[in-house]
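Engineer: Sequence:
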Amino acid sequence: SGLFRELQRTQGLLAGIAQAMQRQKMIVAAVVGSTVLVVASVVLCWDWLKRSLGKGGAELVSEGIQSEALQGSAAAFSQQLAKEILSNEEVRKSAGDWVLALATDQEAGLQ
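Residue numbers (this note's numbering): 1 to 111.
Everything labelled a hint here was simulated from the structure, so no lab data went into it. Each hint should be verified, as a subset may be incorrect.
[As the list claims (entries may be wrong)] Once the Cα atoms are required to be at most 20 angstroms apart in a straight line, the calculated EDC-like pairs of lysine to aspartate or glutamate come out as:
(1) 83 <-> 97
(2) 25 <-> 97
(3) 25 <-> 84
(4) 25 <-> 68
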């Protein structure tokens, strides 16, 4: 009986650790996905940005991208976005599916 209780307690601890690891994976996936989306958008639209904003505007955007303060703001935004995504079960599942599909597509492209 004591051994059974100890096994149950250990199982509960392992389940808690597994849940915490899953949450961390989801947070990392959401942050990475958000960052990739922002960077990809800038890269894909770079020529358009240069034409639309002119040389001065493009230099300003370039400096902004390299700014540590803005990178910190982007990281804070990504963390807040991850919290909001993870607080809604349906959105969390959709985001996880999207990141998994993106990773699978990238892996397939490497092969």
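Engineer: Of the hints stated earlier, which fail here?
Structural biologist: 4
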